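Trainee: Work out the full structure, taking the sequences as your base and the hints as a guide.
Chains A and U, in that order, give the protein sequences.
Note that numbering that gives the first Met the number 0 has the first sequence beginning at 0, numbered continuously upward.
Note that numbering that gives the first Met the number 0 has the second sequence beginning at 0, numbered continuously upward.
In case anyone wonders, no lab produced these hints; they're calculated from the structure.
Do not rely on the hints blindly, as some may be mistaken.
Away from chain U, derived, C-beta distances all over 12 Å, residues of chain A [as the list claims (entries may be wrong)]:
#1 T43
#2 Y44
#3 E67
#4 E99
#5 K120
#6 T182
#7 K196
#8 K202
#9 N254
#10 W271
#11 S299
#12 A339
#13 A347
#14 N352
Chain U stretches covered by chain A per the calculated footprint, using a threshold of three residues with CB under 8 Å from any CB of chain A [claimed, not checked]:
#15 16-30
#16 75-87
#17 174-181
#18 242-255
Since the model is a prediction, treat every value here as computed from it, not as a measurement.
Ideal Cβ placement from N, Cα and C applies to all residues, glycine included.
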Amino acid sequence: MYKNFLKIITFLSILVSPFLFTSAYAKTKVGFVYLTTPGDHGWTYAHELGKQMVKKEFGNDVEISIVENVPEGPDATRVIRELAKQGNQIIFTTSFGYMEPTLKVAKEFPNVRFEHMTGYKRTKNVATGNIRFYEGRYVQGVVAGLMTKTNKIGYIGAYPISEVIMGINAFAQGLRSVNKKATISVIWANTWYDPVKEADAAKVHIAEGADILAQHTDSPAMLQIAEKNGALGFGQSTDMGAFAPKAQLFASVNNWGPYYIKKIKQLKDGKWNTGDGPDHWAGNTWGGLSTNMLTLSNFSNMPNDVAKKAQAAHDGIKSGKLKIFAGPLKTNDGKEIIGAGKTLDDGALWGMNYYLEGVTGKVPK
Amino acid sequence: MENLLITILLTSIPILLAGLGELVTEKSGVLNLGVEGMMLCGAVAALGSVLIFGNPYIGILFGAVAGILISTVFSFFTITLMTNQVATGLGLTIFATALTGLIGEPFVGKTAASLPKLEIIFLSDIPYLGKILFSNDILVYFAIFLIFFIHFGFQNTKLGIIIRAVGDNHDSAHSIGYSVKLVRWISTSFGGMCAGMGGAYIPLALTPHWSEGMTAGKGWIALALVVFASWMPIRLLIGALIFGGITILQFVAQARGWDVPSQFLNMLPYLATILALALISFKLKHNNYAPACLGKHFLGNK
Chain A
0 MYKNFLKIIT FLSILVSPFL FTSAYAKTKV GFVYLTTPGD HGWTYAHELG KQMVKKEFGN
60 DVEISIVENV PEGPDATRVI RELAKQGNQI IFTTSFGYME PTLKVAKEFP NVRFEHMTGY
120 KRTKNVATGN IRFYEGRYVQ GVVAGLMTKT NKIGYIGAYP ISEVIMGINA FAQGLRSVNK
180 KATISVIWAN TWYDPVKEAD AAKVHIAEGA DILAQHTDSP AMLQIAEKNG ALGFGQSTDM
240 GAFAPKAQLF ASVNNWGPYY IKKIKQLKDG KWNTGDGPDH WAGNTWGGLS TNMLTLSNFS
300 NMPNDVAKKA QAAHDGIKSG KLKIFAGPLK TNDGKEIIGA GKTLDDGALW GMNYYLEGVT
360 GKVPK
Chain U
0 MENLLITILL TSIPILLAGL GELVTEKSGV LNLGVEGMML CGAVAALGSV LIFGNPYIGI
60 LFGAVAGILI STVFSFFTIT LMTNQVATGL GLTIFATALT GLIGEPFVGK TAASLPKLEI
120 IFLSDIPYLG KILFSNDILV YFAIFLIFFI HFGFQNTKLG IIIRAVGDNH DSAHSIGYSV
180 KLVRWISTSF GGMCAGMGGA YIPLALTPHW SEGMTAGKGW IALALVVFAS WMPIRLLIGA
240 LIFGGITILQ FVAQARGWDV PSQFLNMLPY LATILALALI SFKLKHNNYA PACLGKHFLG
300 NK
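Mentor: This is the structure:
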């Protein structure tokens, strides 16, 4: 009996210990959920760099837990719940597919704060963070239009969701601003990360005559295929120049650190919030070139005058003078979206289910 | 067009190599469903060794050895301990998927050197054909050599005929003094070696990366191909090219803007596998291509 009693006490104290810990120290416990192992490139690595900035900023004032390689779906729910149970006060879930799992766990833990990238649904304790990736893609389009000789651009998309489609359309706007003859053909990989598929798609694009490749998937496989075949392309999420020194024109670089730091500071000061406004498309953080959440790596493998024009497009977007989706805008089958003098608002971007002029084919239904 | 044909040929090499190995294994009467797992072992060993030693040819060697080692586990269980071949093969794949995920973890995001192209003098200058057939890496030539080697071996060499005898009637083979178990061990190891090399080909030539489960069902397709080819190496080549073609076709269709859902196209290689198996099993009732002792235990003690 006495033995059993001891066992029960030990068991209870193990159960309670995480809570004791959180109250004993003023440390903020921060959790991160990663889609893949960070490696040294791409989407998750960009988050990893952000996490390192958090560590640098707060030092011992934060205690960071990371779970890597978490598949989108039921497994994610389990992992996020586990992080919440361990007493993390704020949890960053860093992939689009974690949206429903994050919302589900957030309901169970109303006192834990969740930051979901890059979804659009928010609740009292779920905020969203996103980057205006499409701004970088406009500049990519400008460079592609000036550099292409075959006037064929090969684009590899992950999934036909509005975030990817607005990137393709922004690319097309940039392309057509300098070259009306060039067209974009899109291959959907139906995955965010699969080096084999991405390489196959890149090979097919090149075989079909494309000489500039762009991607909205995560591995450097596309750039490496471009390098082997004498084509050019753009890096994704982080600078991928090391993988393809002769093929990368530049990369759009995601810079999550400042946003993480801001949100953790808000939490420490008791001012954390999910922003104003309803639960809709914009989220409370959607930064681009102007807030340095998106930056461009060095322009390379292009003549000076092309680099200058790219820089001009970059500066124009950054200052707000250049509107990417300014009318008149037409879909690629001739339907008018908006007339001259108007500009698409953020809500319209999240409703994109069509290709603009310059893209061939149809958006998969 | 030329480039597309090369891409199709290269895409079919992993399934061709793995299929050839499995063909020999099955000819000796052993059904090894672990092809997918053995390919993954080959892939991770190849990539890891290239990262360490920097030479892609070492990768082929390590891929082959890894395939042999993991197939030895299978041989030990099914041939020596006489466990169920289907269950053991499935178990092998599940085990290897997890094992390679663990081993491959530090390789994620690293890039390895690729196999260089070896142009055969004169032949590679033939218009069109030269570039497609005679300007490839060593494993392409090896795979094509292997087709004829196995075909010839089964028809004309003593070893080939012994393997067939063991696969078709192990009791007779045993009664005239051949060691059924030894022959099956060797054939299964050969299958493991080929599957390992097929897996190795993916990071060594197709994309210089490791990602978990990167064979993505190619092992299963190779298994189906063996049946599809009715255990004939030359038919296996045709089948592998068809599957390679379908895999590439799904991307071509999108690039050219054909109005077909991409999810449907993604499904095509597997759909084709099922169709092939259904057709073949229908046809099988009327012929005797399959080794008669396929999947059966040999209960003798040698």
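Trainee: Which earlier hints can't be squared with this structure?
Mentor: 1, 2, 3, 6, 7, 8, 15, 16 and 17
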